[in-house]
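Residue numbering for the sequence shown follows my numbering, beginning at 1 and increasing consecutively.
Each hint should be verified, as a subset may be incorrect.
What the hints assert, rightly or not - Distance windows between CB atoms, simulated:
| hint | residue 1 | residue 2 | range |
| --- | --- | --- | --- |
| 1 | D210 | P246 | 30 to 38 Å |
| 2 | S174 | E272 | 17 to 25 Å |
| 3 | I11 | D105 | 57 to 65 Å |
Since the hints were made in silico from the structure, they are not lab data. No residue lacks a Cβ here, since even glycine has one placed at the ideal position from N, Cα and C.
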Amino acid sequence: MPDPGTRDPRIPLRDPLIAGILAWIIPGLGHLYQGRLFKSGVYFFCITGTFLTGLALGEWQISYYRRAPGNTTYGFYAQILAGLPALPAVIQARRYTPLTPQELDPPRNHSIEESLEAPFTGRLRQTENTEGSNLAAVEDVEGTLQLEPGTDENGRPLIRGTFIGRTASGTEVSLKVGDLPDGSRSSRLEIGPALFARDEVSYRYLETEDEGELVWSADRRYLTIPLLNAEGTDEAGRLEGTIPRPWWNWFSVPIEDAGLQDLHRNLSRQLELALVFTWIAGLLNLLAIWDAVEGPAYGFGDQYFQSISGGREASAPAASTASSAAAVESSGTAAHGSESAGTPAGSVQQPVPAPAEDTPASPGR
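Whenever a hint applies, use it, and build me the whole structure from the sequences.
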């Protein structure tokens, strides 16, 4: 009789531990390792597809990990069960350093650690100090911004660079940009963090009258810097706009409260639905991991239990049949005796008096 705890040899589980780890890393990979191709494809496309659908509904910003008093993302423990799609959140949580409330109001840096060259989109305003300028007071511009970090004669950080681009009216511009020597906040570079989930990129210096709502973005980085005159000693205007933020610097990065509130405003109930999709995907993969380690819950291997239950069911009817047969036989015997006596079955038999003996004739007759 086979041991019920023994796995059926017709299912090639191979090494269950390796299969379970592979099934967690990529849904379906453990089953592919076992040669169970159909299940591998079903798990991969269904579980991974469900998780990615949730990410897309949440603008790719709902899978992140943060552990802080009163601000821990417990839902991530369900997401991480989906494996590889949720693993970037673990890496980004180690890369990201939470900012203080003062640093978040707004999150702006006034220096850069290395050279920066990026496409710039924004606005330009030139003052009367710019000689030979035929630009409007404020005009949209696009171009390339180059910045170099440095220090002044006193050892303080000093940014210098150039902007080369074209205005909305088609005018080519080549301008000097950088910090002013006075060191005031408005005369220095302001730039959003390089590693950040969702940043406000609204115009603050060059906004128009019809702009009242705040603008937030994950893949754009706010930047404003003064324009310099030819000598680099005085302000000649201002450049304000955004530069790209690479996806690896915002995807799965822990989002700050202000950015999360903006995400709720934009998505409303869709955000909750997106989270549910990712949680379901993780919990489904937990069942897939179990299947890779232990094999299917039903199918091969059930014959042993079926034989046990079948034997019990067969013995019970046999005993019942025997007792029924005995009862029928007993009833039949009684009925047969009654019928042979000429009495209907079930009636009370009255005693029959013995026949009178013949009296011998008297000698006188």
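Starting from the hint list further up, note which numbers the structure goes against and sort them upward. Violated hint: only 2; rest satisfied.
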